[in-house]
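Number of protein chains: 2
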Amino acid sequence: MPNTDAIGVGLLGMGVVGSGVVRLLQERTAHFRKVRGVDLALRRVAVHDLSKPRSVELPKALLTDRAEDVVDDPEVQIVIEVIGGIDPARSLCLRALKVGKDVVTANKALLAEQGGDLFRAAAQHSAHLAFEASVCGGIPIIRALTDGLVANRIQSIYGILNGTTNYILTRMTDGGGDFEEMLGQAQEKGYAEADPTMDIDGTDAAQKLALLCRIAFRVDLSHQQILKEGIAQTSPLDIDFARELGYTIKLLGIAKAVEDRIEARVHPALIPSDALLANIKDEFNAVEIVGNAVGPQVFYGRGAGQLPTASAVVSDLLDLAEHRLTGRTPGPSPLAALQEAVPIPPDEIETSFYCRFTVYDRPGVLARIACIFSEERISIATVIQHGRSETAEGTVPLIMTTHEAREAAMRRAVAKIDRLPIITEKSRIIRIEEL
Amino acid sequence: MPNTDAIGVGLLGMGVVGSGVVRLLQERTAHFRKVRGVDLALRRVAVHDLSKPRSVELPKALLTDRAEDVVDDPEVQIVIEVIGGIDPARSLCLRALKVGKDVVTANKALLAEQGGDLFRAAAQHSAHLAFEASVCGGIPIIRALTDGLVANRIQSIYGILNGTTNYILTRMTDGGGDFEEMLGQAQEKGYAEADPTMDIDGTDAAQKLALLCRIAFRVDLSHQQILKEGIAQTSPLDIDFARELGYTIKLLGIAKAVEDRIEARVHPALIPSDALLANIKDEFNAVEIVGNAVGPQVFYGRGAGQLPTASAVVSDLLDLAEHRLTGRTPGPSPLAALQEAVPIPPDEIETSFYCRFTVYDRPGVLARIACIFSEERISIATVIQHGRSETAEGTVPLIMTTHEAREAAMRRAVAKIDRLPIITEKSRIIRIEEL
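Each protein sequence line maps, in turn, to chains A and B.
Each residue of the first sequence is one higher than the one before, counting from 1 in our numbering.
Each residue of the second sequence is one higher than the one before, counting from 436 in our numbering.
Since the hints were made in silico from the structure, they are not lab data.
For glycine and all other residues, C-beta sits at the position ideal for the given N, C-alpha and C.
Among the hints, a few may not be true.
Listed below are the simulated DSSO-like cross-link pairs for lysine-lysine, each with C-alpha atoms no more than 27 Å apart in a straight line [claimed, not checked]:
| hint | chain 1 | residue 1 | chain 2 | residue 2 |
| --- | --- | --- | --- | --- |
| 1 | A | 34 | A | 228 |
| 2 | A | 98 | B | 691 |
| 3 | A | 281 | B | 469 |
| 4 | A | 34 | B | 469 |
Facing chain B, a subset of chain A residues (Cβ under 10 Å, in silico) [stated by the list, open to error]:
| hint | residue |
| --- | --- |
| 5 | 25 |
| 6 | 32 |
| 7 | 109 |
| 8 | 137 |
| 9 | 143 |
| 10 | 153 |
| 11 | 187 |
| 12 | 189 |
| 13 | 258 |
| 14 | 298 |
| 15 | 300 |
| 16 | 307 |
Which residues of chain A face chain B? A partial, calculated answer using Cβ under 8 Å [to be verified]:
| hint | residue |
| --- | --- |
| 17 | 28 |
| 18 | 29 |
| 19 | 149 |
| 20 | 152 |
| 21 | 156 |
| 22 | 279 |
| 23 | 295 |
| 24 | 310 |
| 25 | 319 |
| 26 | 365 |
Hey, can you work out the whole structure from these sequences and the hints?
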């Protein structure tokens, strides 16, 4: 007997996350009814292939292979989109929002690329668009920013936002092997996709960072405006030298409010080995948020995976259902009408740097490099040069760290250094973040 | 000109936290109006002494030294209680709830000791009782449990819930000195109160743990039902031996759902030095929550202090104001009608143990102790005995760790061992948690 008082839920997609959502709903619906007074009823589920066997049991009658059936079902008030990708996810979400249905999505690519349109459609039609699952999976980081830390001006965000790259860097740090080997291992273990490009090159982290900036700083920042550098160039040598200097290498997403501009970047960074973020291992995510009132806070957990992601989807679903039950209409949407972000141009960003130069092992080399740094007014903090050359070419790595310097000055210096005849390989530069 | 559409706020107490609340309200009210569509107006403030100079500016007319004036003011819809202590905080909160006013409190002692009455009064009179600030200050841990992780059955909670003791243990671990010295330093730095008893003996952590259990496991657990042991007996020797074994000593609040019973305890514990919780330093707090869907999550930040606590109060305030604006009435209160907790008797709890015996340095000592452990069916994991005695009495510390053993068996074994003539001091036992 259908429960007609229940809030009707439609599900778009029954892949890994979709199946997880069904499983958690089956497990928790009675609890939500009893403890929260909210009755959820899964009314329609869109799948790609009706004949495919499913890992969760569902009445056949709920399934359809026409996604529009789910969105258009008059008994569906809240639509969950876990198809992924831009289209048709985008048009289906818009279609739901435009008739005042709420949407829960785990689709960070969609929100990072087309978020503006979706948030505006939601605001225009008094619908909600919830997306806790799109950033850091099961970690309630969106809620922390919108609710828990609402009394704060957010000053900065430092996040390990991508599990694949964190797994690879952790394994490399533990001496497991070089980048290619550890990528292979991550793929075997299911922590990296068959085509891991978007993870490895920092795009995934940049998309998540853009979403965090939207909430924390109320700016409409395209992920293309974010300075982005991946981890494919990170070598075990750099990891070892970093350790010797007291640092660990992590792929960080960093965003800061600097007066009325936003500094946003994703790149590998040396961070102090005793910092909390340096101790986030394997496929885990963590985000450090600094608020003017609370100071630093860190949120840690699984950033991906079936049930962690489904957990975030279901928490959004319950929240929206509670809103529906009380007839609450959204107030002015903080996420629809944003100011355009004024990103700080990468050239102006100032950080300290770690540099690895591959040089011929002969006198005067350090002086030549120091001289170029001096011309660019970059001051050197530490120098490491071990023993004598063991390579056939007679080269050694020369490690330097700098004090804070402008990106542009650093690029000029390295370009000049790389033209020196004493240099045998392209120099490797990694930013240092003291946190 | 008074804003009559605004939600009226009354403040009980203008001490450290109260002043912080006023400061954050002054800073954020315009933002809340613009971005959230919520207009908050501070209408009445109760202070102890009207003539005392204040660190924040407030119109004189708002102040009263009669707390009832604040609660009874018809223009006050939400009451913030930051007086602390049981009375008159309790009667004032009840008075507000009984006329349907919402209450925000930072008062963990009140909630841990009289929570049942207050939550029932709130439910009966359709009022809200919010208390994010009462556990771990600015960390949105209550919200995480009630909302962010709502799709999960909570399996366990491991928390560093008290900043004072964590500061002392961190300093001791860094070689700063013994317990008494580091307590003095904590008092100088303002991390410990003049009378630090409730922090040191674990009461404060047990009160917070009882509140977390109420939300996570829906049980009405008195903090007196929690096995409790403080840090005053922790010596630098134990910290050093723990380090040698790969552990760090922290005061933990631990709660687990074990079938239909709750295991809840607060005590110092050896935890692996590479665990996240082992790296929580100084006065910071952190809570690890394991949910069946999300797996482990950690929330980290400042657990006390003026602005972190005020941040949590103001986040609750905004949440309640949004509820008021939309005319939302609370659903069945998940926190009023709880089952009575069935705590697992301490004797039945099983953990591994670290033991430090002070013994005469002579042959056969280890055999005597091992024999007693064997009688109690406790199996030994590791033994450390360094060098020869350097004391006048000819004693040495003998360190043993055990595999999992029942508390009762361990107590019997230690009682027997302490009666052996080879033992010169009361043996020191600390639980080990592998996390």
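ask   = For which of the previously enumerated hints does the structure constitute a violation, in increasing order of number?
value = 1, 2, 3, 4, 7, 11, 12, 13, 18, 21, 26
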